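Protein chains in written order, with the numbering used here: chain S, 1 to 82; chain X, 1 to 82; chain L, 1 to 146; chain V, 1 to 146.
Quick caveat, the hints were computed from the structure, so don't treat them as lab data. One or more hints might be untrue.
[Claimed, not checked] Among chain X residues calculated to face chain V with C-beta under 10 Å, some are:
no., residue
1, 59
2, 60
3, 67
4, 69
From a predicted model like this one, the values you see are computed outputs, not experimental measurements. For each residue, glycine too, the CB sits at the ideal point set by N, CA and C.
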Amino acid sequence: MIDVLYFAWVRERIGLPRERIETGAETVAGLVDELRAKEERYAAAFADLSSLRVALDQELADFNAPLAGVREVAFFPPMTGG
Amino acid sequence: MIDVLYFAWVRERIGLPRERIETGAETVAGLVDELRAKEERYAAAFADLSSLRVALDQELADFNAPLAGVREVAFFPPMTGG
Amino acid sequence: MRVAVQSAAFDLGAEVAAFTAGVRGAGAVVSFTGLVRDEGGKLSAMEIEHYPGMTEKAISGMVGEAIQRWSLADALVIHRHGRLAPGEAIMMVATAAAHRGDAFSAAEFLMDYLKSRAPFWKKEIGAGGADWVAAKDSDEDALKRW
Amino acid sequence: MRVAVQSAAFDLGAEVAAFTAGVRGAGAVVSFTGLVRDEGGKLSAMEIEHYPGMTEKAISGMVGEAIQRWSLADALVIHRHGRLAPGEAIMMVATAAAHRGDAFSAAEFLMDYLKSRAPFWKKEIGAGGADWVAAKDSDEDALKRW
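Excised from the complex, chain S in its bound form:
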């Protein structure tokens, strides 16, 4: 079980801020494929990975990063703070 968090328009498109997911995916990309297959709103949110960022346990990561040992995955658009 892994906590998956969504922020900004990813959260709005999927319709929830976080969920717990049972996944067998070995990488972030594998998890994205599973999510896309779940429902149309996930497919829409993850349509273009180049406009998304991912953090693993609150550290920025790549989509090909392994999920082993990770407790929290977050998906969000490029940051716009400051």
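Use these hints to put chains X, L and V onto chain S, whose structure you have.
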């Protein structure tokens, strides 16, 4: 007649902050030569022009600038504000 | 160093004064403040979402790096989230160093990193609806100089 | 814009707060404050001489140039003269612009010009006597980037 002002160590070396001078010099350099010839303390203050700056009527200028029409000449070391 | 992520407004003048009074031996203090622009009256509010937990960690990491890299005497970051009106301060950064070059560089570095690496997302709310602010290529490019 | 040359201390926090509150539509405010360093306890006071009349004119010229060049919403310079103790604020600059790059550049430009082109001279007073601060080549070189 022209007002001549001295600041910082130029003022200290010459021993006064300002004086009125009757000069026939056509340029700042000519005025400096006249001052140097006046007294040893002036010669000491103007020994090295590369360590001095000059302003004519409160605008930075060169030592070869003409004095015609100038009412106020100021000599001082490079600025160290900020 | 102090990092604060909060929804409450902060007192810019008091923060700058306290930060400056608290640095010992520094000759230069730089502060940056980001304000909500009104975009010529088109913007009625700004909403800022963040990632609690990660935000503080990410900013603390940036500040720690800046302190080391520019030998800062101190550094401060305050960043708000939630709903803000035009004219309100979104965030501030302050840096203190012996010399001005280091204080300026560190403040610009922190701003560039906060813009693109701290998990905040801005939404502009106007008469025509609400829009997430898109990240700018120029903000991503700004990171390359460091 | 406001330029003040004064011997009195200024209230840094109040100045930054008032400057920021007064800018309309700007998204970025940068402030710089120069403090008297204590040089590890070796400095007991700093004395700043200036050229009344020329100082205000020279600074106003610099500020006017900065406002034009970076489309500033506003700019402020306060510079003290007379005797200052370690830790006291010597001067401050504040700039406001739509975007952060302009506000930072204008503040750095003003600092570089104030250092080398505004008629102020600093004297450091310590246990061993009093010495005029020598201009640094690096300060003169800093002007070349503008």
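Evaluation of the provided hints:
At a threshold of 10 Å, the smallest CB-CB gap from residue 59/X to chain V is about 8 Å, leaving the interface hint in force. Taken as an interface hint, residue 60/X checks out: its beta carbon lies about 7 Å from the nearest beta carbon of chain V, inside 10 Å. Contact between residue 67/X and chain V, as hinted, is not supported at the beta carbon level, the nearest pair being about 17 Å apart and thus beyond 10 Å. With a cut of 10 Å, the hint placing residue 69/X at the interface with chain V is violated, because the nearest CB-to-CB distance is about 17 Å.
Violation of the numbered hints given earlier is confined to hints 3, 4; the remaining hints are satisfied by the structure.
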